[in-house]
Amino acid sequence: MKTTDEYRQKLVAELIDQSAKIDVLVVKARQVVEDMKLGYNQELEELRTRQREITKKL
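Counted from 1, the sequence shown has number 32 at position 32 by the numbering used here; the numbering is strictly sequential.
For the record, the hints were derived by calculation from the structure and aren't laboratory data.
A hint or two may mislead.
Unchecked claim - Derived Cβ-Cβ restraints for the label pairs, each shown as a range:
{"id": "1", "residue 1": "14", "residue 2": "52", "range": "56 to 64 Å"}
{"id": "2", "residue 1": "46", "residue 2": "26", "range": "27 to 35 Å"}
{"id": "3", "residue 1": "31", "residue 2": "11", "range": "28 to 36 Å"}
{"id": "4", "residue 1": "50", "residue 2": "11", "range": "55 to 63 Å"}
{"id": "5", "residue 1": "58", "residue 2": "28", "range": "41 to 49 Å"}
{"id": "6", "residue 1": "43", "residue 2": "11", "range": "43 to 51 Å"}
The structure presented is a predicted model; accordingly, all values stated were derived computationally and were not measured.
Glycine is no exception: its CB is placed at the ideal position from the N, C-alpha and C atoms.
My request is simple: use the sequences and hints to build the entire structure.
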């Protein structure tokens with residue numbers, strides 16, 4: 001049977017592993033948000049450009 005210290009060490013190792021996985025997912029989530037912002041900003045600029053072109057024709 002494992003001792004309490006061995007069991008505790010196993011749990012600590014699992015916590016460290018889970019923390020690392022969470023950190024990776026947080027970074028990925030932030031990157032997705034940044035990519036979405038860039039996409040929306042580009043789309044907004046295209047729409048504003050089109051709006052200015054239409055306004056000039058009036």
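Hint check:
Distance hint check: the CB atoms of residue 14 and residue 52 are about 57 Å apart, consistent with the given range 56 to 64 Å. The hinted window of 27 to 35 Å between residue 46 and residue 26 holds, with their beta carbons roughly 31 Å apart. Distance hint check for residue 31 and residue 11: the Cβ-Cβ separation is about 31 Å, which falls inside the suggested range of 28 to 36 Å. Under the hint 55 to 63 Å, the C-beta atoms of residue 50 and residue 11, about 58 Å apart, fit the expected range.
Restraint check, residue 58 to residue 28: a C-beta distance of roughly 46 Å satisfies the suggested window 41 to 49 Å. Between residue 43 and residue 11 the beta carbon distance is about 48 Å. The supplied range of 43 to 51 Å therefore holds.
Of the numbered hints stated above, none is contradicted by the structure.
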